[in-house]
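Engineer: For reference, the chains in residue letters:
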Amino acid sequence: MTSTVNTYRFKNGIRLIHRANQSEVAHFGLIVHTGTREEFPEEHGLAHFMEHMFFKGTRKRSPYQIISRLEDVGGDVNAYTTKEETALHASFLKQDYKRAMELIQDIFLHSTFPEKEREREAEVILNEIQSYDDSPSELIFDRAEELLFPNHSIGRNILGSEESLEKFRNGALEKFLAENYATDEIVLSFVGNIPFKNIKAAADRYFGEIPQKSRLRKRVKPVAAAGMKITENRETHQTHCMLVGEGYELTDHRPAQQYSWRTGDELQAEPGAEGETWILLQCRIALCSLYRYRSPDDLF
Amino acid sequence: MQVTWDEISKLRTKLIPDARLNFAKKQMIGQLAIARENYEHLMLATGKSILIFDRVDSLETIRRNLDEITATQIRDVANEVLDIKTLNQLIFE
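Chains as they are written, first to last, in my numbering: chain A, 21 to 320; chain B, 733 to 825.
In short, the hints are calculated from the structure, not lab data.
Take these hints with a grain of salt, some might be off.
Ranges between beta-carbon positions, derived for each pair [to be verified]: (1) A:I87 / B:A767: 21 to 31 Å; (2) A:A246 / B:E792: 51 to 61 Å; (3) B:V735 / A:K31: 49 to 59 Å; (4) A:E252 / B:V735: 16 to 26 Å; (5) B:Q805 / A:R140: 29 to 39 Å; (6) B:N754 / A:N190: 23 to 33 Å; (7) B:D799 / A:S82: 32 to 42 Å.
In silico DSSO-like pairs for lysine-lysine, Cα to Cα no more than 27 Å straight-line [unchecked claim]: (8) B:K758 / A:K249; (9) A:K217 / A:K136; (10) B:K758 / B:K742; (11) A:K187 / A:K238; (12) A:K241 / A:K80; (13) A:K241 / B:K817; (14) B:K758 / B:K746; (15) A:K195 / A:K233; (16) B:K757 / A:K249.
Not the full set, but computed from the structure, chain A residues with beta-carbon under 7 Å of chain B [what the hints assert, rightly or not]: (17) R29; (18) L113; (19) L193.
A virtual CB, placed ideally from N, CA and C, is assigned to each residue, including glycine.
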């Protein structure tokens, strides 16, 4: 079990958090406050596309070299995108922490987004979209979000569409990168059996000299729909239903508002484990899954 | 759907018995403690907590917060959030 939590803020605003444990395996991640929500309509899916492209080559590494850098020593590197965050993270033997931190720095700062890889990755994501369309129990979450927040980026799905994926050329990635991923909205997180001073020194070496950068795109508060009832014919054998409505803002720290409605299988009581501003109530009898999305104007 | 609305109606009108509420609190703390043994998850959750709140709550803090919650508060929250007039309904069939 971990105990001490150490934190540090670098000159450029990047924050570091460190938790010590006794494990031989360590974990490191770069989490940035940029996601689908930052996209303009013509950029639908770009934050997720960007996450994929981080693995498609840097100034000094091919895609194969990126993946094999940690695999060669038994570790792995991965990433995910949500509506409001992107994370690049790695798991590895503790002695390889510098290798992992340098790799994540390289893909975050020095990706080249080669054109042929863009086309290939667009195909990969298109397959992902089509696969998703065949899964109504998952698709209903996306449709519910569109229903709740129409005409707002937070209501759009993460993957994008066939039409939008075709538009990610002519500098779209570079523009999105330049206008988002602010240094004061980046957190480096480490859990492992390496002293804080070592992690701080390595983080300083790889991330401390990144020029300070602030957010250029201000987040806009969405307006939630209310009282709508929509039935869609999906020609499925089962019926899927969902109730969705606006909940409490993340900045509402009253315990009852934070925790009391959290029931069923999706326990997300830990602040930050899942933070969102609205709730979804999945209609399964005796099993209610409730999600809370971050405040629409939480930190900005 | 009617069964679901009936359950929501109960949440909005009746108080959860103390024993059931205490059980739910213990279950939540237990699941959180177990989740924290997954260090990859802990790394990501801790990072997100700093990103959003600029702080990390200990399990003890969360336990104290949970202990403060009463059945009346839960009923009030259900009345505020689970309102048939504001909830949207989506059905795939």
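Engineer: It remains to establish, for every hint, whether it holds in the given structure.
Structural biologist: Here's how the hints hold up against the structure:
For A:I87 paired with B:A767, a C-beta distance near 28 Å keeps the hint of 21 to 31 Å intact. Between A:A246 and B:E792 the beta carbons are some 38 Å apart, a value that contradicts the proposed interval 51 to 61 Å. Taken as a hint, the range 49 to 59 Å holds for the pair B:V735 and A:K31, whose Cβ atoms sit roughly 57 Å apart. A:E252 and B:V735 have their C-beta atoms about 21 Å apart, which keeps the hinted 16 to 26 Å range intact.
Hint check: B:Q805 to A:R140, Cβ distance near 52 Å, so the stated range 29 to 39 Å is violated. Judged by the Cβ atoms, the range 23 to 33 Å given for B:N754 and A:N190 is violated: they are separated by roughly 60 Å. In this structure the supplied range 32 to 42 Å is violated for B:D799 paired with A:S82, their Cβ-Cβ distance being about 54 Å. Restraint check for B:K758 and A:K249: not satisfied, since their Cα atoms lie roughly 37 Å apart, outside the 27 Å limit.
Between A:K217 and A:K136 the alpha-carbon distance is near 42 Å, which puts this suggested pair outside the 27 Å criterion. Of the pairs offered as hints, the one joining B:K758 and B:K742 holds, with about 22 Å between alpha carbons and a cut-off of 27 Å not exceeded. As the CA atoms of A:K187 and A:K238 are separated by approximately 23 Å, the hinted pair is consistent with the 27 Å bound. A C-alpha spacing of about 40 Å is found between A:K241 and A:K80, which places the hinted pair above 27 Å, so the restraint is violated.
For the hint linking A:K241 to B:K817, the alpha-carbon distance of about 22 Å falls within 27 Å, and the restraint holds. A threshold of 27 Å between alpha carbons decides the hint, and for B:K758 with B:K746 the separation of about 21 Å falls inside it, so the pair holds. Annotation: proposed proximity of A:K195 to A:K233 holds, straight-line Cα distance about 14 Å (limit 27 Å). Proximity of B:K757 to A:K249 is assessed by CA-CA distance (about 34 Å); at most 27 Å being required, the pair is judged violated.
With a least beta-carbon distance of about 9 Å to chain B, the hint placing A:R29 at the interface is violated under the 7 Å criterion. The beta carbon of A:L113 comes no nearer than 13 Å to any beta carbon in chain B, farther than 7 Å, and the hint placing it at the interface is violated. Annotation: interface hint on A:L193 violated; nearest CB of chain B at approximately 23 Å, more than 7 Å.
Of the numbered hints stated above, those contradicted by the structure are hints 2, 5, 6, 7, 8, 9, 12, 16, 17, 18 and 19, listed in ascending order.
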